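Trainee: Residue numbers (the numbering used here), protein chains in the order written: chain W, 1 to 115; chain D, 1 to 113.
Check before you lean on any hint, since a few could be wrong.
Calculated pairs, BS3-like style, for lysine-lysine (alpha carbon to alpha carbon, straight line, at most 30 Å) [as the list claims (entries may be wrong)]:
| # | chain 1 | residue 1 | chain 2 | residue 2 |
| --- | --- | --- | --- | --- |
| 1 | D | K70 | D | K26 |
| 2 | D | K69 | D | K26 |
| 3 | W | K65 | D | K105 |
| 4 | D | K56 | D | K70 |
| 5 | D | K26 | D | K56 |
| 6 | D | K105 | W | K7 |
| 7 | W | K65 | W | K7 |
| 8 | W | K65 | D | K100 |
| 9 | D | K70 | D | K100 |
| 10 | D | K56 | D | K105 |
| 11 | D | K100 | W | K7 |
| 12 | D | K105 | D | K70 |
With beta-carbon atoms standing in for the labels, derived distance ranges [stated by the list, open to error]:
| # | chain 1 | residue 1 | chain 2 | residue 2 | range |
| --- | --- | --- | --- | --- | --- |
| 13 | W | S81 | D | E53 | 36 to 46 Å |
| 14 | D | A81 | W | P85 | 26 to 36 Å |
| 15 | D | S12 | W | T17 | 38 to 48 Å |
| 16 | W | S59 | D | Q9 | 20 to 30 Å |
| 17 | W | R15 | D | R60 | 37 to 47 Å |
| 18 | W | T17 | D | Q9 | 30 to 40 Å |
| 19 | W | P39 | D | T27 | 26 to 36 Å |
| 20 | W | G60 | D | G16 | 35 to 45 Å |
To give an idea of the chain W side of the interface with chain D (calculated C-beta under 8 Å), a few residues [to be verified]:
| # | residue |
| --- | --- |
| 21 | L45 |
| 22 | L92 |
| 23 | T102 |
No lab work stands behind these hints, which were simulated from the structure alone.
For clarity, every value in this text was computed on a predicted model and none was experimentally measured.
All C-beta atoms, glycine included, are put in the ideal place defined by N, C-alpha and C.
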Amino acid sequence: SAVISQKPSRDICQRGTSLTIQCQVDSQVTMMFWYRQQPGQSLTLIATANQGSEATYESGFVIDKFPISRPNLTFSTLTVSNMSPEDSSIYLCSVAVGFRDTEAFFGQGTRLTVV
Amino acid sequence: SQQGEEDPQALSIQEGENATMNCSYKTSINNLQWYRQNSGRGLVHLILIRSNEREKHSGRLRVTLDTSKKSSSLLITASRAADTASYFCATGPRGGSNYKLTFGKGTLLTVNP
Chain W
1 SAVISQKPSR DICQRGTSLT IQCQVDSQVT MMFWYRQQPG QSLTLIATAN
51 QGSEATYESG FVIDKFPISR PNLTFSTLTV SNMSPEDSSI YLCSVAVGFR
101 DTEAFFGQGT RLTVV
Chain D
1 SQQGEEDPQA LSIQEGENAT MNCSYKTSIN NLQWYRQNSG RGLVHLILIR
51 SNEREKHSGR LRVTLDTSKK SSSLLITASR AADTASYFCA TGPRGGSNYK
101 LTFGKGTLLT VNP
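Chain D on its own, in the form it takes in the complex (with noise of 0.2 Å):
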């Protein structure tokens, strides 16, 4: 089953406007992770926060994590018709093995210029 439930499961915004997606998941954590996916292209990471940071930076992406409530939100500012794909976030397991990420269902951002 999957470890991480993004929502909304598609968001339609315009150029400018901010762009919020969260995630929850179940088990505890080493560290979160979000990855974009470009039109059923490969992933590309962006941004990771350990599991005892709650809140990260970069470029137009923040992204906090909540332990105790165990969800994660990814904000991407100032939004761009090319911020437009699938946005991912990953869990990496506490007390095992860091490579196995498991994935959720992803949220569908478009981004209409």
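Isolated chain W, as found in the complex (with noise of 0.2 Å):
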């Protein structure tokens, strides 16, 4: 298992402002996750973070909007840039464990509301 610190737990931010998010994981892990979810709907993966590379972006999101880094094997950070009222979701942060049978532990979520 893995216990995931996530911060902060909510925001309140101006459009066009930016924030960054951050993720802590008590353990070495190769992987991270970064996953919005918009109000009422299902988790979007928006990108795999790896140490020591730049991170993988699903279709959709985009290295300038949502610059992420990954300095070592147990921290990553998210920053949502240029915000703007649709940027108001949940994010989240995620590990997985396991090689065949993946289990996947999230930190409790950024709620980010843009005004």
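With the hints as a guide, bring both chains together as one complex.
Mentor: As structure tokens, then:
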């Protein structure tokens, strides 16, 4: 298992600004994942973050909008840049444990409201 | 696009009753998992069932998997008010990265005391 600390837990931001979300894991993991959950919706994978390399982004998400850092095996950040009200969502950090039967563990999420 | 589709989208029951949620998916999978999310917080892993398994139990949870129909069900028996949450299925793809889970749209379960 893995324990993930994510912060901030919530924030209200002005449009046009940026917010950096931090994710700390209690053990070393190869890959970390960032998800977005829009109001009343399911989780959508933004990107996969590997230590020492650039993040891999899913279709519809770009590095300029969601830059990710992964400086070591226990930490990652996601920045939501130049925010608009459409970015209001819950952002979740996740790690996957296990080789064949992978289980995902999640942080408590960051509830972002852009006004 | 979302791999899994849960139904119903919302379910309201009385405490003590059983709750059944269904999930359908489209592609071949290695496993299927169920997660719970309380009030917009992080997700908690409930149970994993492999593609070669048909049924699995964990406490008050019972999961079935029918790969021929590409569907799964989650049964919560003797529900409690604390079971009130959103429940999501997630699939791990066969032949792809096991780490990339695809989540369904979720079922919002309300258990009334």
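Trainee: Take the hints in turn and mark each one as holding or not.
Mentor: Okay, the hints, checked on the actual structure:
For a cut-off of 30 Å, the pair hint linking K70/D to K26/D stands: about 7 Å separates their Cα positions. The hinted pair formed by K69/D and K26/D meets the criterion: a straight-line CA distance of about 9 Å does not exceed 30 Å. Taking the CA atoms of K65/W and K105/D, the gap is about 25 Å. The hint holds against a cut of 30 Å. For the suggested pair K56/D and K70/D, the alpha carbons sit about 16 Å apart, so the restraint of at most 30 Å is met.
Between K26/D and K56/D the CA atoms are separated by roughly 21 Å; this keeps the pair inside 30 Å, and the hint holds. About 25 Å separates the Cα atoms of K105/D and K7/W, which keeps this hinted pair within 30 Å; it holds. The suggested pairing of K65/W with K7/W holds, with an alpha-carbon distance near 19 Å, which does not exceed 30 Å. At roughly 21 Å between alpha-carbon atoms, K65/W and K100/D fall within 30 Å of each other, so this suggested pair holds.
For the proposed pair K70/D and K100/D, the alpha carbon gap of about 18 Å is at most 30 Å, so the pair holds. Proposed proximity of K56/D and K105/D is supported: the alpha carbons are some 22 Å apart, at most 30 Å. Among the hinted pairs, K100/D with K7/W is consistent with the structure: their alpha-carbon atoms are about 23 Å apart, no more than 30 Å. Restraint check for K105/D and K70/D: the C-alpha separation of about 16 Å stays at or below 30 Å, so the hint holds.
For the hinted restraint 36 to 46 Å between S81/W and E53/D, the CB-CB distance of approximately 43 Å keeps it satisfied. Taken as a hint, the range 26 to 36 Å holds for the pair A81/D and P85/W, whose Cβ atoms sit roughly 34 Å apart. Checked against the hint of 38 to 48 Å, the C-beta distance between S12/D and T17/W comes to roughly 39 Å, which is consistent with it. For the pair S59/W and Q9/D, the supplied restraint of 20 to 30 Å holds, since their beta-carbon distance comes to about 25 Å.
At about 45 Å, the CB distance of R15/W to R60/D agrees with the hint of 37 to 47 Å. Checked against the given bound of 30 to 40 Å, the beta carbons of T17/W and Q9/D, roughly 34 Å apart, stay inside it. The hinted window of 26 to 36 Å between P39/W and T27/D holds, with their beta carbons roughly 27 Å apart. For G60/W paired with G16/D, a C-beta distance near 43 Å keeps the hint of 35 to 45 Å intact.
Against a cut-off of 8 Å between C-beta atoms, the interface hint on L45/W holds, since the closest Cβ of chain D lies about 7 Å away. At its closest, the beta carbon of L92/W sits 6 Å from a beta carbon of chain D; the interface hint therefore holds under the 8 Å criterion. Taking 8 Å as the C-beta cut-off, the interface hint given for T102/W holds, the closest approach to chain D being about 4 Å.
Of the hints listed earlier, there is not a single one the structure fails to meet.
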